[in-house]
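Student: So you can see what is in the structure, the chains are spelled out below.
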Amino acid sequence: MSRRDDLKTLLYDCISEHGLETNTEIHVEDETPLMGSGSPLNSIGLVIVVTNFESQINETFGAQVILASEQAMSLKRSPFRSVEALSEYADQLLPAESS
Amino acid sequence: MPLQWLLDRFQACPRDDAVIWRDAVTTYGELLRQIDAAHEFLSAQQVAAGESVMLDADFSPTAVALLIASLQQRLLVVPVASHVVADRQDLARIAECSRRFHVSDSGSYEAEHYPHRLGHQFLRKLRDAASPGLILFSSGSTGRPKAAVHDFDCLVAKFKTPRHKQRLVTFLLFDHIGGFNTMMYGLANQGCLITLEARDPDTVCRAIEQHRAEVLPTSPTFLTLLLMSGRLDQYDLSSLKVINYSTEVMPESTLSQLNARFPGVTFRQSYGLSEVGILRSQSRANDSVWIRVGGEDYQTRVVAGLLHIKARSSMIGYLNAPSPFDQDGWLNTQDEVEVDGQWFRFRGRQSDIINVGGEKVYPAEVESVLFEVENIADATVTKEPHPILGNIVVAMVRLQHEEDMKNVASRIRKHCFSKLPAYKVPVKVLLDDGQRVTERFKKKRQD
Numbered sequence: 017m018s019r020r021d022d023l024k025t026l027l028y029d030c031i032s033e034h035g036l037e038t039n040t041e042i043h044v045e046d047e048t049p050l051m052g053s054g055s056p057l058n059s060i061g062l063v064i065v066v067t068n069f070e071s072q073i074n075e076t077f078g079a080q081v082i083l084a085s086e087q088a089m090s091l092k093r094s095p096f097r098s099v100e101a102l103s104e105y106a107d108q109l110l111p112a113e114s115s
Numbered sequence: 051m052p053l054q055w056l057l058d059r060f061q062a063c064p065r066d067d068a069v070i071w072r073d074a075v076t077t078y079g080e081l082l083r084q085i086d087a088a089h090e091f092l093s094a095q096q097v098a099a100g101e102s103v104m105l106d107a108d109f110s111p112t113a114v115a116l117l118i119a120s121l122q123q124r125l126l127v128v129p130v131a132s133h134v135v136a137d138r139q140d141l142a143r144i145a146e147c148s149r150r151f152h153v154s155d156s157g158s159y160e161a162e163h164y165p166h167r168l169g170h171q172f173l174r175k176l177r178d179a180a181s182p183g184l185i186l187f188s189s190g191s192t193g194r195p196k197a198a199v200h201d202f203d204c205l206v207a208k209f210k211t212p213r214h215k216q217r218l219v220t221f222l223l224f225d226h227i228g229g230f231n232t233m234m235y236g237l238a239n240q241g242c243l244i245t246l247e248a249r250d251p252d253t254v255c256r257a258i259e260q261h262r263a264e265v266l267p268t269s270p271t272f273l274t275l276l277l278m279s280g281r282l283d284q285y286d287l288s289s290l291k292v293i294n295y296s297t298e299v300m301p302e303s304t305l306s307q308l309n310a311r312f313p314g315v316t317f318r319q320s321y322g323l324s325e326v327g328i329l330r331s332q333s334r335a336n337d338s339v340w341i342r343v344g345g346e347d348y349q350t351r352v353v354a355g356l357l358h359i360k361a362r363s364s365m366i367g368y369l370n371a372p373s374p375f376d377q378d379g380w381l382n383t384q385d386e387v388e389v390d391g392q393w394f395r396f397r398g399r400q401s402d403i404i405n406v407g408g409e410k411v412y413p414a415e416v417e418s419v420l421f422e423v424e425n426i427a428d429a430t431v432t433k434e435p436h437p438i439l440g441n442i443v444v445a446m447v448r449l450q451h452e453e454d455m456k457n458v459a460s461r462i463r464k465h466c467f468s469k470l471p472a473y474k475v476p477v478k479v480l481l482d483d484g485q486r487v488t489e490r491f492k493k494k495r496q497d
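For the record, the sequence lines run as chains A and B. Sequential numbering of the first sequence, starting at 17, is according to this note's numbering. Sequential numbering of the second sequence, starting at 51, is according to this note's numbering.
Just chain A, with the same shape it has in the complex (with noise of 0.2 Å):
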């Protein structure tokens, strides 16, 4: 499995976990988005979600992540538009995979 479906097993853990926090069953796939209409998250859902994910990955990956930032809000293809955009963003941000 690449690093890149390492990430998505984390955020889909994290969303479900979202669920399970707000006793609501959240239905996602790779192509769902994480905001604006279709996503099944709120705002404060979306950062929750969000920030879980960041420190899973620093913590997995002994990384120093940030991925809401005014760079992330201000990209032309936002990297919240889906789970697999969100993951892709992810696997950007750490550092290059050693061979």
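These aren't lab readings, by the way, just hints derived from the structure by calculation. Some clues are possibly wrong.
[As the list claims (entries may be wrong)] With a cut-off of at most 25 Å between alpha-carbon atoms, the simulated BS3-like pairs for lysine-lysine come out as follows:
(1) A/24 <-> B/464
(2) B/196 <-> B/175
(3) B/456 <-> A/24
(4) B/175 <-> B/215
Keeping the supplied structure of chain A fixed, place chain B upon it in accordance with the hints.
Tutor: Just chain B, lined up with the frame of chain A:
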């Protein structure tokens, strides 16, 4: 001479306990002799009326005597609690002190000279009117300490009305408006001041038990620490009649726990500021955080949700900051209140309120819910800037026993989502390093 009425009261009860210091009793007769000795010390020092002097001390009988003698000699007194870490030189410069008086461990007076002379118009005004003054520094949890100048006669006038004679613990500090209030209330009513060598739960409980204290004026933060300590059952605290809590918003959950632990004790919230003194207050019920404040010397009004106060005992002004009063003498306290007829409920300092995506979050309200979560010993809610919401709510927690923080955060959020609107739920939950209480037992919400 100023304060003669107070000394007359002391003279009427020479055998009664006045101050308990390091477990030794000083009676009012002895206190009067110590006041004479303090006058002799001031004469030997050749201090002139209207000089500004720092009194670096605690509530020892010798310090109380020197404070009273200094005010009788119409000095401008700057109390600084001896164990508080503060740059004395800097405070002396701001308050234009000519000297610093200190009470040594053996109880003798010591003096240190400073080169400062009175220049500020407020201090000159007091000197020229031959009025004693009291200069109180705000605790300065945010920014530099501000020096509030009081005409002592205005501040002390309300204590001439006789009230209950009680045995009070001097928990609040010597240089704090609340500590000053405890001391004046105790002495003016021929009560007894029970002083503390430290302010941890064991020391406080031991003092209450040993000296049969009736009143404990303290802060919600200390009461939380007291509940957490698990030490309450070790002591006989049956002498306690009143617990006065002030200075911060009391979490409702803590108040209900306290009521269960102290049946028969009256819980009373008080409200005061260095700028205006302590208002008389009444709690709606023992377990209620709604209070009525005022008294004959105070007027209150609420403007845009913020409490404004106009007081006869208001300070003259700050030495080192612009006047906070409007032209009619009203002070905007910056405290947000909810109003129900004549009752107020304090929501928090405006500067502590967290704006999450345009919605207001009151830290105390969230803290109250956090205290309901299992394994949470203490909680402080603070904020962090966030690019999406402006700010997010961050909870700093202390645990009763070790637990994986991921679990803790998850349990906390689950409980909060069931009790609070989503925007009030802590996004981050961090383990507290134990440094979030100031030396004045207030929550430190800003670093």
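Student: Given the hint that residue 456 of chain B pairs with residue 24 of chain A, does the C-alpha gap stay at or below 25 Å?
Tutor: holds, 19 Å
Student: Sort out whether residue 215 of chain B lies within 25 Å of residue 175 of chain B, counting only the CA atoms.
Tutor: Answer violated: residue 175 of chain B to residue 215 of chain B is near 35 Å, above 25 Å.
Student: Do the alpha carbons of residue 196 of chain B and residue 175 of chain B lie within 25 Å of each other, as the hint requires?
Tutor: holds, 19 Å
Student: For the pair supplied as a hint, residue 24 of chain A and residue 464 of chain B, is the alpha-carbon distance within the 25 Å limit?
Tutor: Within the cut-off at roughly 24 Å; holds.
Hint compliance for this structure: hint 4 is the single one not met.
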